[in-house]
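Can you make the complete structure from the sequences, with help from the hints?
Here is how the chains run, residue by residue.
Protein chains: 2
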Amino acid sequence: MRMITLDEVASLLNENDHYKLLTHSYPDGDTLGGAFALAFALRKMGKKVNVAVNGPVPSKFRYLVKNYSEQDFEPEFIVSVDVAAMSLLGDSVMEGVEKIDLCIDHHRTNTIVADNIYVDGEAAAASETVYQLVEMLGVELDEDIAAGIYTGVSTDTGCFCYSNTTPRTHEIAAKVIPYCDWQQINYINFVIKTRAKIKMERMIYDTMEFYAGGRCAVVYTTIAMQKALGAGDDEMEGLANIPRQVEGVKMGITMREKDGGIFKVSVRTNDGINAAEFCKKFGGGGHPAAAGCSVEGDLASVKRLLIDAAEAFL
Amino acid sequence: MRMITLDEVASLLNENDHYKLLTHSYPDGDTLGGAFALAFALRKMGKKVNVAVNGPVPSKFRYLVKNYSEQDFEPEFIVSVDVAAMSLLGDSVMEGVEKIDLCIDHHRTNTIVADNIYVDGEAAAASETVYQLVEMLGVELDEDIAAGIYTGVSTDTGCFCYSNTTPRTHEIAAKVIPYCDWQQINYINFVIKTRAKIKMERMIYDTMEFYAGGRCAVVYTTIAMQKALGAGDDEMEGLANIPRQVEGVKMGITMREKDGGIFKVSVRTNDGINAAEFCKKFGGGGHPAAAGCSVEGDLASVKRLLIDAAEAFL
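As given, the protein sequences belong to chains A and B, one line each in that order. Each position in the first sequence, counted from 1, maps to that position plus 17 in our numbering. Each position in the second sequence, counted from 1, maps to that position plus 17 in our numbering.
Among the hints, a few may not be true.
All copies of an identical chain are treated as equivalent in the list; a pair is satisfied when it fits inside any one copy or across any two copies.
[To be verified] No farther apart than 30 Å at their CA atoms in a straight line, the calculated lysine-lysine pairs in the DSSO-like style are these:
no.	residue 1	residue 2
1	K267	K83
2	K298	K64
3	K65	K244
4	K77	K267
5	K216	K244
6	K83	K192
Hints were generated in silico from the structure; no laboratory data involved.
Printed below as a string of structure tokens:
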């Protein structure tokens, strides 16, 4: 296991010929976009490449694979893309894999076990690294490669809005947008909402309460609410961001009832309030502005517990 | 009145010394960001510059003027920034102005009367042109200039999401973000919502109905609803985008009751459905994906009229 440079990554990709690229479970825009972009680029170099995805490619990302089909060959070089930990590699993805030869990632917390490791913690997305590699390998951009890279960088940055965006992120977007239908990609990833999601947002708004002089907003969903709407886990994504969007709110708390009398709690903060420190009080953790924990109890008592802690904390 | 090149614009800005910069009524991020960025740049060149704004700078944009104060001098060269038509220049802005010497804009429909006109219809924002000028004039970027330019390009593109975004837009963002607190600017312009706005969105969701097999979504607000929430015109901004975000919707119609028994109707479309053509039927107009019209009548009859027209149109 050794940390290698980007030049060495490019050399490895030049030298080998039969690839299997691994993506992480609950695949998102970066693991899929980065892996398929790299696959299309390597195939353009005449290499054999397959991408392993845990389950089917989610329907919203089908545009990434419209020109992709499995190739029949024996993989000899295994590369993980955007995978931060071994536990995020599903069983089907790991089928026939004895060891990982190369890990390409951007999570500073990366713990993947691989012969060669390249983690660029400054990259907003693993797809930023894929763009750099495509350039270094001398592969010309095309729609498939560009769509993958744009999907990775735009989804991991909330369309260039989050703090992980850097000048390089914008420079890469400038290079790839002439080659792909980025407007349609933005529409799919940032505009469109299912009816169930809209109904869930409405319900969430109905539960919103303010504490600590308006600096803390609390919302919740129950199993019954989720069932009543027929909302899947997709519809629950992004709800945690709702309370902290309200003017004046420094800490937004989203409580989501799970089976077994447990609430999954997501905390999002503004203005330097430390969400991870807050969640530590309940055995959780995370990042300074986005953290989580689990709390046992009924709705009223869990809410009371969190509000009291928030009022003391703020 | 003559159309001039960007080089000629730069020459004019080099030659003159006493500026008044004009912004448009209901000032947005581009007219303010572009004008103040240009003002700070010209001042750095040792010139006298004031910016005329119709009314106070909206509170959300106060960060643009934290290092700005009026200078005392007689203006000799008048420049409009991001102003598409004379009617958009408020009386207070035009005080003491006899003629406009230079118009800098990006609206293809520009009808400003000025000695020299520069309209770059490819620019996503007038602030893109301001960036180019700052570079050509050899002024070094600083926080004030960068914050203005970033505000202009990010707000006019919905944070690099709308179709007017080009590679140049991203390239400019890459250049300016190292100099300004773009995360805070994004938070102010794209994340934060007032409580009244959230309540208004909830109410809007409650009115949502689907027609034409789910391809048309209709929402409305009434004067009574707006009053009940104490919502100002700021809270009404952006509501027109809500119905077309729903999966499967090709045409989103937002009806907003105004005084005098009139509904202001906003139409937003996806997938090439022509909103301007639809609104023309009611004496309105606009762009292919975003258009509007006014219809007289009570809620039920105006809604029926629009739904019937939409079902025939789709």
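These are the hints, each one checked on the structure:
1. K267 to K83: between (43 Å within a copy, 23 Å between copies)
2. K298 to K64: Neither: 51 Å inside a chain and 57 Å across chains, both beyond 30 Å.
3. K65 to K244: Neither, since 45 Å and 64 Å both go past 30 Å.
4. K77 to K267: between (33 Å within a copy, 17 Å between copies)
5. K216 to K244: Result: close both inside a copy and across copies, 12 Å intra and 24 Å inter.
6. K83 to K192: within (22 Å within a copy, 35 Å between copies)
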